[in-house]
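Peer 1: Residue numbers (the working numbering), protein chains in the order written: chain A, 4 to 227; chain B, 2 to 411.
Hints listed in this document are in silico derivations from the structure and should not be mistaken for laboratory results. Be aware that one or more of the hints could be misleading.
If you want a taste of the chain A side facing chain B, the calculated C-beta under 7 Å gives, among others [said to hold, decoys possible]:
hint	residue
1	G54
2	V58
3	R68
4	S144
5	Y146
6	S150
7	A152
Okay, derived cross-link-like pairs now, SDA-like style, lysine to any residue, Cα gap no bigger than 25 Å in a straight line [stated by the list, open to error]:
hint	chain 1	residue 1	chain 2	residue 2
8	A	K124	B	G118
9	A	K124	B	N316
10	A	K105	A	G192
11	A	K124	B	N119
Ideal Cβ positions, reconstructed from N, Cα and C, are used throughout, including at glycine.
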Amino acid sequence: MLQGAIRTRQHIVRECASSQMPTDTMRRNRHRCFVLLLACVVAAPAWAQRGALTVPRNLDQLTDRAADIVRGTVVSARVEKHPEFTNLDTVVVTLRVRETLKGHAQGTFSFREYIWDFRDKLDAAGYRKGQDMLLLMIAPSRYGLSSPAGMDQGRFRIERDRSGRETATNGTGNMRLFDGLRAVTDKEGVTLSSSQMSLVATHRNGPVELRELTALIREFARSE
Amino acid sequence: MQARLAQVVALLALLALPAGGAYAGGPLALRTDGTPFVWSTAAAIPYRTDNGPLSATVTESAARTRVDTMFDVWQNVASATLSYARAGFISAVGAFADGDVSTLPEYNAALGDCETGNQNPIIYDADAAILIALGKDEESVIGFTGSCALDTGAGEIVSSHVVMNGLFQDGTNNPVPDLSAAEFDATFIHEFGHFSGLDHSQINVGCASGFCSSDDLAGLPTMFPFLISGTQGTLSIDDIAWISRLYPAAGGSGFAATHGTISGTVYFSDAESHARFVNVVARLVDNPGTAGINESRTTAGAGVSGYKFRLFNGNPINDPDGDGMGTQTPGDIGLYEISVPPGNYMIEVESVDEKFTEGSSVGGPFRIPMPGTAPAPIGPISVAAGATSSGNDVTLIGSSDARFDQFEGP
Numbered sequence: 004m005l006q007g008a009i010r011t012r013q014h015i016v017r018e019c020a021s022s023q024m025p026t027d028t029m030r031r032n033r034h035r036c037f038v039l040l041l042a043c044v045v046a047a048p049a050w051a052q053r054g055a056l057t058v059p060r061n062l063d064q065l066t067d068r069a070a071d072i073v074r075g076t077v078v079s080a081r082v083e084k085h086p087e088f089t090n091l092d093t094v095v096v097t098l099r100v101r102e103t104l105k106g107h108a109q110g111t112f113s114f115r116e117y118i119w120d121f122r123d124k125l126d127a128a129g130y131r132k133g134q135d136m137l138l139l140m141i142a143p144s145r146y147g148l149s150s151p152a153g154m155d156q157g158r159f160r161i162e163r164d165r166s167g168r169e170t171a172t173n174g175t176g177n178m179r180l181f182d183g184l185r186a187v188t189d190k191e192g193v194t195l196s197s198s199q200m201s202l203v204a205t206h207r208n209g210p211v212e213l214r215e216l217t218a219l220i221r222e223f224a225r226s227e
Numbered sequence: 002m003q004a005r006l007a008q009v010v011a012l013l014a015l016l017a018l019p020a021g022g023a024y025a026g027g028p029l030a031l032r033t034d035g036t037p038f039v040w041s042t043a044a045a046i047p048y049r050t051d052n053g054p055l056s057a058t059v060t061e062s063a064a065r066t067r068v069d070t071m072f073d074v075w076q077n078v079a080s081a082t083l084s085y086a087r088a089g090f091i092s093a094v095g096a097f098a099d100g101d102v103s104t105l106p107e108y109n110a111a112l113g114d115c116e117t118g119n120q121n122p123i124i125y126d127a128d129a130a131i132l133i134a135l136g137k138d139e140e141s142v143i144g145f146t147g148s149c150a151l152d153t154g155a156g157e158i159v160s161s162h163v164v165m166n167g168l169f170q171d172g173t174n175n176p177v178p179d180l181s182a183a184e185f186d187a188t189f190i191h192e193f194g195h196f197s198g199l200d201h202s203q204i205n206v207g208c209a210s211g212f213c214s215s216d217d218l219a220g221l222p223t224m225f226p227f228l229i230s231g232t233q234g235t236l237s238i239d240d241i242a243w244i245s246r247l248y249p250a251a252g253g254s255g256f257a258a259t260h261g262t263i264s265g266t267v268y269f270s271d272a273e274s275h276a277r278f279v280n281v282v283a284r285l286v287d288n289p290g291t292a293g294i295n296e297s298r299t300t301a302g303a304g305v306s307g308y309k310f311r312l313f314n315g316n317p318i319n320d321p322d323g324d325g326m327g328t329q330t331p332g333d334i335g336l337y338e339i340s341v342p343p344g345n346y347m348i349e350v351e352s353v354d355e356k357f358t359e360g361s362s363v364g365g366p367f368r369i370p371m372p373g374t375a376p377a378p379i380g381p382i383s384v385a386a387g388a389t390s391s392g393n394d395v396t397l398i399g400s401s402d403a404r405f406d407q408f409e410g411p
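All chains, full assembly: derive it from the sequences and hints.
Peer 2: Shown next as structure tokens:
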């Protein structure tokens, strides 16, 4: 599906970029190209994440990839070498669990994440004591290493907005988080509330209400 | 030109700002004197490639050709001196002896040799076995670049490595759909920009949200945080300017002969306090004689205010040096610098986009909204080759309580 979208977009880009026409015709065609690009270019195939590039994943895909989904408060984050492979820098993060949406985490939840960027060594990959987070973590590898599904896409910071509601925002500003979910819910028989349907249909990017997000995650986890 | 407007406001959120930052649109890392970490240009940067296939369908030989071509994109910038040379296959070391880095013990061995500065490995993770062992989501990570060693005394990048996920080039849509070859290569041309010492850059930011004309796409940097199109495998004006600024070539096609610089300070609306983390874009004034092309969208450079200043200053008791990157010169807090080809430019300011946070950040790992609103673009500013047009200050428009330090004691 992504492949098809990419091919369509590339075709449009080439068509627009090759315009060599008189001004009026050019303007009309450029307008048409702009509209086409507006419709298609949102399907950005890759996002950068501290020296990495990732493809966009929606909430269903992130939930599916995650073995543990927990909401909690960071109680420690320290950078240290992997105990066996000592050239690997890692950050060991421990959260006090407030809510488990998938998996069996209780009390505290710890994971060891590989970091390759020197800036991550300076700031513990952005994990800080006291942070309120929702993490969608993939299963640890045989070497005890784990990361959020989709990298920063599976890592949500929780904040309160001006009205006091808890909101969640992932490392890409929740962009494309709900893309394609209507089709998924129809296919998998997931029932959404009217507010969830509205969220899925209209949200482009920016914070989402935590309560709505966790309810959606529970629905997708249940349907697996 | 200098534009200072009387104004107001500053978002109180900025009170929580760390006092510095040295992660910037432009260079990836800066020394304490504000100069960027760069590779030595005394010789070509030697890189070594994996002797295994890139994927089930891309042979070692084909991958090697593509990697060479990706490095050539940066090397072919006439105004930059940077050059790269393949030094052979990844050297055997420790647990790595079979030529194909394909397991975590082998990756660990190659990484260790990279960390000692012995080699810069380009690793093909054909079936994503390394990413899986590293606990990374192999269905979403296309690849990554990491510096292995920095020489903080000399201000040099000593060694780096790259890992490419072959699942995105294996000719099947399972477990992940392939990227086109152009998109995959554009991804790693971006990564090789990081390898060379560049950070992300924000120009024509509407492209990240779907508002992208063909002119916007032409001006979109390879170092934009999102890959929008395979066309980003061709460097933009901004990419060329920044790589040339880091590695300036001399002579008739060199940096000084082909670029000038615009600098200034972004101020809070008190016109006194420096404002950091504001994205500044210099756009060439559109030429009405070139029908169908809007040069203000195709020809632009960008920088982030305060890019030279230290991000984390630590505290005087237990961490007096902070992160040790960037200056602690107060005059750098709101300073921006943008190099562009000669011409007449308008200066715009904007927030770093809310989607560019954490690892996809521009100008710092924290995304801080611009305090207040942007004034009208200033200019035109005439840029001459080899010259710096300084004092092009921008004062933001805000509310009456417009200082970031307004709650500080006397």
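Peer 1: Could you run down the list of hints and mark each one as holding or not?
Peer 2: A quick look at each hint next to the structure:
About 5 Å separates the beta-carbon of A/G54 from the nearest beta-carbon of chain B, less than 7 Å, and the hint is met. For A/V58, the interface hint holds, the least distance from its beta-carbon to any beta-carbon of chain B being 5 Å, beneath 7 Å. The restraint placing A/R68 at the interface with chain B holds, with a minimum CB-CB distance near 6 Å, inside the 7 Å limit. Here the hint on A/S144 is kept, as its CB sits about 4 Å from the closest CB of chain B, short of 7 Å.
At a threshold of 7 Å, the smallest CB-CB gap from A/Y146 to chain B is about 6 Å, leaving the interface hint in force. Checking A/S150 against chain B: minimum C-beta separation of about 5 Å stays under 7 Å; hint holds. Hint status for A/A152 relative to chain B: holds, with the closest Cβ pair at about 5 Å, below 7 Å. About 18 Å separates the Cα atoms of A/K124 and B/G118, which keeps this hinted pair within 25 Å; it holds.
About 18 Å separates the Cα atoms of A/K124 and B/N316, which keeps this hinted pair within 25 Å; it holds. Restraint check: the Cα-Cα separation between A/K105 and A/G192 comes to about 19 Å, which is no more than 25 Å; the hinted pair holds. Straight-line distance between C-alpha atoms of A/K124 and B/N119 comes to about 21 Å, which keeps the hinted pair within the 25 Å bound.
In this structure, none of the earlier numbered hints is contradicted; all agree with it.
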